[in-house]
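Asker: Start from the sequences, fold in the hints, and give me the full structure.
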Amino acid sequence: MKEEIIIAGFGGQGVLSMGKILAYAGLMHDLEVTWMPAYGPEQRGGTANVTVILSDSSISSPIVDSYDTAVILNQQSLDKFERKVKPGGTLLYDPYGIHHAPTRTDINIVPVEAMLKSVELKNAKTYNMILLGALLAKRPIVPVEAVIKGLRKTLPERHHHLIPLNEQAIEAGMKLVE
Amino acid sequence: MNAMKPEDIIKPENKVYSRPRLLDERNTHYCPGCSHGVVHRLVAELIDEMGLECTTIGVAPVGCAVFAYNYIDVDWVEAAHGRAPAVATALSRLNPGHLVFTYQGDGDLAAIGTAETIHAANRGENIVIIFINNAIYGMTGGQMAPTTLLGQKTATTPYGRRADLNGYPLRISELLAQLDGTCYVTRQAVHTPASVRKTKAAIKKAFQNALEGRGTSIVEVVSTCNSGWKLSPAKSNEWMAEHMFERYPLGDLKNV
Amino acid sequence: MEEVKLMKGNEAIAHAAIRYGFDGYFGYPITPQSEVLETLEELMPWETTGMVVLQAESEVAAINMVYGGAASGKAVMTSSSSPGVSLKQEGISYLAGAELPALILNVMRGGPGLGTIQPSQADYFQATKGGGHGDYHLIVLSPATVQEMADFVGLGMDLAFKYRTPAMILADGIVGQMMEKVVLPPFRPRRTAEQIAEQCPWAATGKGNRKHRNVITSLEMDSARMEENNHRFQRTYEEIRKNEVRFKEYYTDDAEYIIVAFGTVARICLKAIEDARKQGIKVGLLRPITLWPFPTEALASLAGRVKGMLTVELNAGQMVEDVRLAVNGRIPVYHFGRMGGMIPNPGEVLDALRANFPEIK
Chain A
82 MKEEIIIAGF GGQGVLSMGK ILAYAGLMHD LEVTWMPAYG PEQRGGTANV TVILSDSSIS
142 SPIVDSYDTA VILNQQSLDK FERKVKPGGT LLYDPYGIHH APTRTDINIV PVEAMLKSVE
202 LKNAKTYNMI LLGALLAKRP IVPVEAVIKG LRKTLPERHH HLIPLNEQAI EAGMKLVE
Chain B
8 MNAMKPEDII KPENKVYSRP RLLDERNTHY CPGCSHGVVH RLVAELIDEM GLECTTIGVA
68 PVGCAVFAYN YIDVDWVEAA HGRAPAVATA LSRLNPGHLV FTYQGDGDLA AIGTAETIHA
128 ANRGENIVII FINNAIYGMT GGQMAPTTLL GQKTATTPYG RRADLNGYPL RISELLAQLD
188 GTCYVTRQAV HTPASVRKTK AAIKKAFQNA LEGRGTSIVE VVSTCNSGWK LSPAKSNEWM
248 AEHMFERYPL GDLKNV
Chain C
44 MEEVKLMKGN EAIAHAAIRY GFDGYFGYPI TPQSEVLETL EELMPWETTG MVVLQAESEV
104 AAINMVYGGA ASGKAVMTSS SSPGVSLKQE GISYLAGAEL PALILNVMRG GPGLGTIQPS
164 QADYFQATKG GGHGDYHLIV LSPATVQEMA DFVGLGMDLA FKYRTPAMIL ADGIVGQMME
224 KVVLPPFRPR RTAEQIAEQC PWAATGKGNR KHRNVITSLE MDSARMEENN HRFQRTYEEI
284 RKNEVRFKEY YTDDAEYIIV AFGTVARICL KAIEDARKQG IKVGLLRPIT LWPFPTEALA
344 SLAGRVKGML TVELNAGQMV EDVRLAVNGR IPVYHFGRMG GMIPNPGEVL DALRANFPEI
404 K
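Protein chains in written order, with this note's numbering: chain A, 82 to 259; chain B, 8 to 263; chain C, 44 to 404.
These are computed hints drawn from the structure, not numbers from a lab.
Note that the structure is a prediction, hence the values are computed from the model and not measured.
Even for Gly, the Cβ is constructed at its ideal location relative to N, Cα and C.
Derived, one-sided and incomplete: chain B residues facing chain C with beta-carbon distance under 8 Å: (1) Y76; (2) D82; (3) W83; (4) E85; (5) A86; (6) A95; (7) L98; (8) R100; (9) L101; (10) H105; (11) A122; (12) H126.
What follows is a set of in silico ranges between Cβ atoms, one per label pair, in the way DEER data are often shown: (13) A:Q249 with B:Q185: 54 to 60 Å; (14) C:E81 with A:G178: 28 to 34 Å; (15) B:Q215 with C:Q238: 30 to 36 Å; (16) A:Q156 with B:A170: 57 to 63 Å; (17) C:D265 with B:Q215: 36 to 42 Å; (18) B:K242 with C:S266: 35 to 41 Å; (19) B:Q215 with C:G93: 24 to 30 Å; (20) C:D265 with B:S239: 28 to 34 Å; (21) A:P221 with C:D201: 41 to 47 Å.
Answerer: Dropping the structure here:
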């Protein structure tokens, strides 16, 4: 098993941290993991993307030509990465702010209304966890328990009270794409 | 009448001065009349008197004092030009309980090494900076220093230093005295026996400050460079008293 | 079992430095390596091992603090990225000239000038050919994984002490910024003053019980003696060349073509080679781990059995010169590079192989 994933959007949308949580979940699930950010000077507002590879065997290159799965959060990233999804692969995207929806027919395209859902949950910070839930529903590469274990590992103790909220967001995301 | 023989004179009870134990018995490369020799002697005397021979690390500069390590019998590190305070920072932090001092000239400390000087002092490193200000680059052949006086002729200001072209003589000690990290900033000279005694007291105080962990101490010694100034040693002392002290007045700038 | 952690290469460097028993780290922030200093400040090793961590006023000051620490026999390091490492060259030359052990990390970004903050390998020449003034070499280690980032901290400092010469970890921005699994080296205590005196009898630690003084300097005004110093340095470099060449070969047994690449790029090439092998192309990889000393003999020996070589680098063609020297004209050696922070993907590498060796179908 090997899953090559790109998560791309604006800085501040939780792109890098979503990738990080996924990577930690991979670690908890005994997988090999690489997390490779396209780092930039901007903390917020610039484009941000991260390549996460999860594999049950060793990973040679952290840089790949194409992806099994893409999680796309803005138009620029859609324009850039839609064509890089492997045939038969999966593209999840949030239609919020997307003017030109993806058009490929040889991949599974999954719209996820994560922005609207996070508004409904009254917490914008759940945004990326909703997307993660949707991703795991479509591509069950790691069990949700591994994600929660990963959260417990990465979040500082003082933020552990937020874990149930994150769990809720993941479930909401899963339901969105059922 | 019996003529007096040398052995009649050379007796312990007649001794008024001897080479400090930690000052090596060798000729220095300094020009006759240069202030460096006197300051070296004071440093060597104090390290011995204060019992610091085994726990002192000196940092030598680039400039005339580059070979200071050849004359004073303690451990030394020769720094790159201007970097002595950075080198001393690490030596001091990594060797607690040691006396770490730098010995630097005006070009080293106040031109190429200004950043290292100011930031080491601003961090309040427990080091002593002995600063020889002779208003000229001695070693490279008498070029303008940051402390060169207006109108002073040097190899690179052959018609005299001009403010519009070369800026102003830098009073770096005044600047350093403003910093919270410095505990003692003083300006002294070694042109008279009285001033030599004062300078010795100043360096002693600076060493004590470092041992007590009180922050950075700077002892500026306004000095002569008779070769660079193209004056005799005696005339140099006169010129210094007449011109240098006006721009660089002697005394404590800070003593907390 | 050792605990497996997930962290960035830069973070792994910081953890490894504390665990190795480093006495001091002196640095200045610059992307993409600021996590080294940030992680150290967060871990506060001065509270546990007594390691000194200091944010200097500049890269120049930082390398000279390293010089001061190294002069007293301490295990000290600094880290920076390309423009900052250029500033450090003065201090590095002095370290080499005064025969001082120290560790320098360069997480390379694109240049010249301020360039870009994105990954690069354009400091190969600077790192392997000297960098500063005078005849000297650094031991240069090239990590390809976060695990190697952690491991080379200890290896680099050990080699630096062994040969009394500065060592450099020459990493690209990718391995600095990416997260991977890593098993951190075990904790070991910092050396005691007695151990330092025994390991580094030359160090300026204060005379202590010594009869003579120790002086650390790179200055020697007597030309004959300065030449002898240079001969001594060269003898050391010869020893290092003899003993410390490190590299890894992949799929070279039956290879008809060899890709030579270092750092993370070697991993991209390995993926390209795995893809190529599926298409029946017999291509192998040689990854130099020490960029200096360079695996000249290994490449010379491969040159006798393959049809050609391609170096893949994040620069305009730097290591390719050393490969050509090793191969000495026996087979064609080509270069494929991306610059300015661009990173080739495995497909591009395979395309470059085909473009340079058209006989490959």
